[in-house]
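Asker: The lines below spell out each chain.
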Amino acid sequence: MSAPAAQSVIALEQVHKHYATGELDVHALRGVDLRINPGEFVAIMGPSGSGKTTLLEILGCLSRPSSGRYRLAGRLVEEIDPDGLARLRGEEIGFVFQSFNLLPRLTVAENVELPLVYRSVPRRERRARALASLEHVGLAHRAKHLPTEISGGERQRVAIARALVNRPRLVLADEPTGNLDTRTGDEILSLLRGVHAEGNTVIIVTHDPGIGDRADRKLMIRDGQIEDDRGSG
Amino acid sequence: MRILEAIRQALRQLRAHRARSLLTMFGIVWGTASVIVLVAWGQGVRQMLERGFFKAGKNMGEVWAGTLSEDYTAAVDRRYLWYNVDDLEALRRRARLPVLVGGETDEVLPAAYRQRGLNVDVRGIEPEVMEIRGVPLATGRAITRSDLNHNRRVIVLGDDVRNRLLGADGGIGSWVRLGGKPFKVVGVLEHVGTQLNRDGFLIDEQAWIPLTTLQNNWPKWWTDEPVIEKILYRMRDRNSLDETEVEVRAILAERLGVPAGDDQAVGIHSALKVLRQIPVDEMEALLFILAATTLMIGGIGILSMMLDSVYERRAEIGVRLAIGARRRDIIGQFFLETLTVTGLGGLVGVALGVGVCLFMGGLNVPDLVPVPVLQVEVVALALGVMGFVGVAAGVIPAWQASRIDPALTLRME
Numbered sequence: 001m002s003a004p005a006a007q008s009v010i011a012l013e014q015v016h017k018h019y020a021t022g023e024l025d026v027h028a029l030r031g032v033d034l035r036i037n038p039g040e041f042v043a044i045m046g047p048s049g050s051g052k053t054t055l056l057e058i059l060g061c062l063s064r065p066s067s068g069r070y071r072l073a074g075r076l077v078e079e080i081d082p083d084g085l086a087r088l089r090g091e092e093i094g095f096v097f098q099s100f101n102l103l104p105r106l107t108v109a110e111n112v113e114l115p116l117v118y119r120s121v122p123r124r125e126r127r128a129r130a131l132a133s134l135e136h137v138g139l140a141h142r143a144k145h146l147p148t149e150i151s152g153g154e155r156q157r158v159a160i161a162r163a164l165v166n167r168p169r170l171v172l173a174d175e176p177t178g179n180l181d182t183r184t185g186d187e188i189l190s191l192l193r194g195v196h197a198e199g200n201t202v203i204i205v206t207h208d209p210g211i212g213d214r215a216d217r218k219l220m221i222r223d224g225q226i227e228d229d230r231g232s233g
Numbered sequence: 234m235r236i237l238e239a240i241r242q243a244l245r246q247l248r249a250h251r252a253r254s255l256l257t258m259f260g261i262v263w264g265t266a267s268v269i270v271l272v273a274w275g276q277g278v279r280q281m282l283e284r285g286f287f288k289a290g291k292n293m294g295e296v297w298a299g300t301l302s303e304d305y306t307a308a309v310d311r312r313y314l315w316y317n318v319d320d321l322e323a324l325r326r327r328a329r330l331p332v333l334v335g336g337e338t339d340e341v342l343p344a345a346y347r348q349r350g351l352n353v354d355v356r357g358i359e360p361e362v363m364e365i366r367g368v369p370l371a372t373g374r375a376i377t378r379s380d381l382n383h384n385r386r387v388i389v390l391g392d393d394v395r396n397r398l399l400g401a402d403g404g405i406g407s408w409v410r411l412g413g414k415p416f417k418v419v420g421v422l423e424h425v426g427t428q429l430n431r432d433g434f435l436i437d438e439q440a441w442i443p444l445t446t447l448q449n450n451w452p453k454w455w456t457d458e459p460v461i462e463k464i465l466y467r468m469r470d471r472n473s474l475d476e477t478e479v480e481v482r483a484i485l486a487e488r489l490g491v492p493a494g495d496d497q498a499v500g501i502h503s504a505l506k507v508l509r510q511i512p513v514d515e516m517e518a519l520l521f522i523l524a525a526t527t528l529m530i531g532g533i534g535i536l537s538m539m540l541d542s543v544y545e546r547r548a549e550i551g552v553r554l555a556i557g558a559r560r561r562d563i564i565g566q567f568f569l570e571t572l573t574v575t576g577l578g579g580l581v582g583v584a585l586g587v588g589v590c591l592f593m594g595g596l597n598v599p600d601l602v603p604v605p606v607l608q609v610e611v612v613a614l615a616l617g618v619m620g621f622v623g624v625a626a627g628v629i630p631a632w633q634a635s636r637i638d639p640a641l642t643l644r645m646e
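Chains L and E, in that order, give the protein sequences. Each residue of the first sequence is one higher than the one before, counting from 1 in the numbering used here. Each residue of the second sequence is one higher than the one before, counting from 234 in the numbering used here.
Chain L extracted, bound-state conformation (with noise of 0.2 Å):
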């Protein structure tokens, strides 16, 4: 914990998370320290309720911490307005989801666009990026299809695209291959290899065995604690 905060991309620091749920308060993350430097890549595995969907929502600026600290890229999370956290999200952080969650009623392009409509580019780049980003994982062809015309492992690609096409520091991923068949599952881990061989920074929270072994690092989370770290450098 001696290194400075500025050399991490991720540090977290005593991060504690609660949930009102009714009457219910839930404990999600009991004092979370962690450290995830510049081009690593890294599973977070954990059984579920174990806390490991809220570390992702935390790391990815969907909510703040209810005590400790975090800081992304250097900056204090905890000081930046809602505006500017949907700024981080939107060009820091690139987001791949279990469910794809590609938007039915825009093309596969539209929706790698969309996080470029968010930071008013302008259409004509708009277009050429996201192209770019499609052509980047293989579905240049697919450009003008809507998503429930393509393939699931189609879909995933698609949302890597859209999670890329602002060159993120950052991409989050959870469970990526959740709802995939197990050779289009190593598909998109080769595919997230391949961002990181890049120098991206690749966060994925999975329960996936399998997976973990693949990353460089592994975290296990249970209870809302990191219990294991293995392969941390």
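No lab work stands behind these hints, which were simulated from the structure alone. Worth double-checking, as some hints may not be accurate.
Quick look at which bits of chain E chain L covers, simulated, 3 or more residues with Cβ under 8 Å [claimed, not checked]:
| hint | segment |
| --- | --- |
| 1 | 240–249 |
| 2 | 556–570 |
| 3 | 636–644 |
Selected chain L positions facing chain E (in silico; Cβ < 7 Å) [stated by the list, open to error]:
| hint | residue |
| --- | --- |
| 4 | 53 |
| 5 | 57 |
| 6 | 86 |
| 7 | 89 |
| 8 | 101 |
| 9 | 103 |
| 10 | 105 |
| 11 | 115 |
| 12 | 118 |
| 13 | 174 |
Ideal Cβ placement from N, Cα and C applies to all residues, glycine included.
Take the given structure of chain L and dock chain E to it, following the hints.
Answerer: Frame of chain L; chain E shown alone:
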């Protein structure tokens, strides 16, 4: 996010739920059309009333001499009141508010032409009376000051009198008999039709002759002096109704020797006053409220549709937030979506309402049946109410959409 982008997404969303959008938009279409048609119809009623009341004289006051009410000692010899030429001249000279003053005296006389005869309401008038009444001539000429100066036996006939007395074979230059005395027809009035304001006979059933001719040939039984039974005046505009009445009454009361405010002695009638008592404003307001309520109920339909839509699209909203949308982007998107539905419905409604108004305005309806009168203001009003409804219906769903927790995206799977 840019506005055009948001509108494009809104239209796409509407197309995706075509049936639901059309059904919901129908409320706005109907409501907007209602505002236009009902408000225009209210305008039509107002115009119809004014036309009906002003047919026999616009902004006109009619003064007659009545009876003494309280203190009659000052005028004990004129228990029975009337005006004479001096009273009329005094009013004409002294009154500053009326723009025109004219005297009139009335007699019902048997009229005859060839074999035909009927009793006619004959008005001895000054030329000013014709001007004040404003009824145009169909043919011939008006009664002139020269006719009065020379006591000419000339007559101007109302449309109905002309038809019934002269029939097809008579016209300008024909001679008719009034109470046995020959009169030359010099003019015929245009058809007036139903009057909402009348004193005894309709204009169509009257015949007009010079005031002096009537006074000299048929003097009143109670006095030798030439009598003026009625004084007509035109006020400057409708706003000077009350002050003109006060001034006219004060001058004539002084002439009659009665208190200045005695409205029994100096009776004044004005169609404007009656018109003012008809609750046209209230009726218009009521129509507007009814129509605007219809439009608002249409807005509630839209509100309900948009709330549904927000709920159905929670996941979409979560994704948008996760990939960088700010809350205000989400608010803008849903707000614009509501405005787009409302605006589309409103435009169709305006077209429908304007169409109905034009169609009804083109119908050949009888006298005094009101038809919608379309004015730019009416359309602007409808669009204004529609805009208000759209904004009101858009605020809540947009706000709800923006409150969706972006973390939901991760938990809905």
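Asker: It remains to establish, for every hint, whether it holds in the given structure.
Answerer: Here is how each hint holds up against the structure:
1. Interface restraint, the segment 240–249 of chain E with chain L: holds (3 residues with C-beta to C-beta distance below 8 Å; minimum three).
2. As drawn, the segment 556–570 of chain E meets chain L at 7 residues by the rule of a beta-carbon pair under 8 Å; at three or more, the given contact holds.
3. Interface restraint, the segment 636–644 of chain E with chain L: holds (6 residues with C-beta to C-beta distance below 8 Å; minimum three).
4. A cut of 7 Å between beta carbons decides the hint on residue 53 of chain L: the least distance to chain E is about 5 Å, and the hint holds.
5. The beta carbon of residue 57 of chain L is positioned within 7 Å of a beta carbon in chain E (closest approach about 5 Å), and the interface hint is therefore held.
6. The interface hint given for residue 86 of chain L holds, since its Cβ lies 4 Å from the closest Cβ of chain E, which is under the 7 Å cut-off.
7. At about 5 Å, the closest approach between the beta carbon of residue 89 of chain L and any beta carbon in chain E falls short of 7 Å, and the interface hint on this residue holds.
8. A cut of 7 Å between beta carbons decides the hint on residue 101 of chain L: the least distance to chain E is about 5 Å, and the hint holds.
9. Proximity of residue 103 of chain L to chain E holds as hinted, the smallest CB-CB distance being about 6 Å (cut-off 7 Å).
10. With 7 Å as the threshold, the beta carbon of residue 105 of chain L comes within range of chain E, its nearest partner Cβ sitting at about 6 Å, so the hint holds.
11. Evaluation of the residue 115 of chain L hint against chain E yields a held restraint, the C-beta minimum of about 4 Å falling below 7 Å.
12. Of the supplied interface hints, the one on residue 118 of chain L holds, with its beta-carbon coming within about 4 Å of a beta-carbon of chain E, less than 7 Å.
13. A hinted interface residue such as residue 174 of chain L counts as satisfied when its beta carbon comes closer than 7 Å to some beta carbon of chain E; here the least separation is about 6 Å, so the hint holds.
Going through the hint list in order, the structure satisfies each hint without exception.
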